[in-house]
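J.: What follows is each chain in one-letter form.
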Amino acid sequence: DSGVTQTPKHLITATGQRVTLRCSPRSGDLSVYWYQQSLDQGLQFLIQYYNGEERAKGNILERFSAQQFPDLHSELNLSSLELGDSALYFCASSVGRNQPQHFGDGTRLSIL
Amino acid sequence: DQQVKQNSPSLSVQEGRISILNCDYTNSMFDYFLWYKKYPAEGPTFLISISSIKDKNEDGRFTVFLNKSAKHLSLHIVPSQPGDSAVYFCAASSTLIQGAQKLVFGQGTRLTINP
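Those sequence lines, one after another, are chains A and B. Quick note: the first sequence uses the numbering used here, first residue 1, plus one each step. Quick note: the second sequence uses the numbering used here, first residue 1, plus one each step.
Don't read these hints as lab results, they were simulated from the structure. Only a predicted model underlies this, so the values are computations on that prediction, with no experimental measurement involved. Treat the hints with care, as some may be off.
[As the list claims (entries may be wrong)] Away from chain B, derived, C-beta distances all over 12 Å, residues of chain A:
| id | residue |
| --- | --- |
| 1 | 13 |
| 2 | 14 |
| 3 | 15 |
| 4 | 28 |
| 5 | 46 |
| 6 | 86 |
| 7 | 94 |
[To be verified] Within a straight-line C-alpha distance of at most 25 Å, the following computed SDA-like cross-link-like pairs (lysine to any residue) qualify:
| id | chain 1 | residue 1 | chain 2 | residue 2 |
| --- | --- | --- | --- | --- |
| 8 | B | 56 | B | 31 |
| 9 | A | 57 | B | 3 |
| 10 | B | 38 | A | 98 |
| 11 | B | 38 | A | 39 |
| 12 | B | 5 | B | 38 |
| 13 | B | 38 | A | 3 |
| 14 | B | 5 | A | 59 |
| 15 | B | 54 | A | 3 |
| 16 | B | 71 | A | 41 |
| 17 | B | 56 | B | 41 |
| 18 | B | 5 | B | 115 |
| 19 | A | 57 | A | 95 |
| 20 | B | 38 | A | 79 |
| 21 | B | 38 | A | 110 |
| 22 | B | 38 | A | 16 |
| 23 | A | 57 | B | 2 |
| 24 | B | 38 | A | 12 |
| 25 | B | 38 | A | 53 |
| 26 | A | 57 | B | 28 |
| 27 | B | 38 | B | 48 |
| 28 | B | 5 | A | 58 |
| 29 | B | 56 | A | 96 |
| 30 | B | 38 | A | 17 |
| 31 | A | 57 | B | 54 |
| 32 | B | 5 | A | 12 |
| 33 | A | 57 | B | 27 |
| 34 | A | 9 | B | 71 |
| 35 | A | 57 | A | 3 |
| 36 | B | 5 | A | 98 |
| 37 | B | 38 | A | 2 |
| 38 | B | 71 | A | 98 |
| 39 | B | 71 | A | 100 |
| 40 | B | 5 | A | 3 |
Ideal Cβ positions, reconstructed from N, Cα and C, are used throughout, including at glycine.
Kindly produce the complete structure, drawing on both the sequences and the hints.
T.: The following block contains the structure:
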């Protein structure tokens, strides 16, 4: 158990819809990271938050957004969903620089 | 542009022998490297890391070697056990970018330990 909690585990929805994925980091970790794992792309960095502020962005689509709340949990919002958004979405947290990131078990998003 | 490469999609090793997983990187800004293990339906589990100021780090059965001049790192597992069967990911990051520590992952190597 990494201590990182992601909900829901599975999400099935239709094209054009909007979903919210939730992540609770390990106790004491201020940084939260979101990654996407699709079949053909491997694990790709989306966005990082540190203590409520956006710190780094990867190849995140404009239809996607995230935030980190005062209690340090984070939400990833995906809107106008397309078939290609079907993937595993992982959240990770870390305590600081040069410290390993610990991953949750992911949310599997299926777009029908 | 794949900055972290694991050229072997799969590796099969006999139980008790040494498993060696390899990883190459191209970005000279990377200075922190990690190995993760992943089972199906679970998230990646951190195994071991190494900073660029070192060339070796050991933790129990796991040892990571870093060759900066070759931009190459490897993970050695000795002795290999059936529970080590999983997909192994190499990842790299750069601490030179203030505050940002995104991980760049390789494509993974599926390790199978045969009894």
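J.: Could you run down the list of hints and mark each one as holding or not?
T.: Going down the list of hints, with the structure as the test:
| no. | hint | in the structure |
| --- | --- | --- |
| 1 | 13 | holds, 20 Å |
| 2 | 14 | holds, 24 Å |
| 3 | 15 | holds, 25 Å |
| 4 | 28 | holds, 16 Å |
| 5 | 46 | violated, 9 Å |
| 6 | 86 | holds, 16 Å |
| 7 | 94 | violated, 7 Å |
| 8 | B/56 / B/31 | holds, 14 Å |
| 9 | A/57 / B/3 | holds, 17 Å |
| 10 | B/38 / A/98 | holds, 21 Å |
| 11 | B/38 / A/39 | holds, 15 Å |
| 12 | B/5 / B/38 | holds, 17 Å |
| 13 | B/38 / A/3 | holds, 16 Å |
| 14 | B/5 / A/59 | holds, 19 Å |
| 15 | B/54 / A/3 | violated, 29 Å |
| 16 | B/71 / A/41 | holds, 22 Å |
| 17 | B/56 / B/41 | violated, 31 Å |
| 18 | B/5 / B/115 | violated, 29 Å |
| 19 | A/57 / A/95 | holds, 19 Å |
| 20 | B/38 / A/79 | violated, 29 Å |
| 21 | B/38 / A/110 | holds, 21 Å |
| 22 | B/38 / A/16 | violated, 32 Å |
| 23 | A/57 / B/2 | holds, 18 Å |
| 24 | B/38 / A/12 | holds, 23 Å |
| 25 | B/38 / A/53 | violated, 29 Å |
| 26 | A/57 / B/28 | holds, 20 Å |
| 27 | B/38 / B/48 | holds, 13 Å |
| 28 | B/5 / A/58 | holds, 19 Å |
| 29 | B/56 / A/96 | holds, 22 Å |
| 30 | B/38 / A/17 | violated, 30 Å |
| 31 | A/57 / B/54 | violated, 29 Å |
| 32 | B/5 / A/12 | violated, 32 Å |
| 33 | A/57 / B/27 | holds, 18 Å |
| 34 | A/9 / B/71 | violated, 37 Å |
| 35 | A/57 / A/3 | holds, 24 Å |
| 36 | B/5 / A/98 | holds, 21 Å |
| 37 | B/38 / A/2 | holds, 12 Å |
| 38 | B/71 / A/98 | holds, 19 Å |
| 39 | B/71 / A/100 | holds, 20 Å |
| 40 | B/5 / A/3 | violated, 29 Å |
Checked against the numbered hints listed earlier, the structure breaks hints 5, 7, 15, 17, 18, 20, 22, 25, 30, 31, 32, 34 and 40; every other hint is satisfied.
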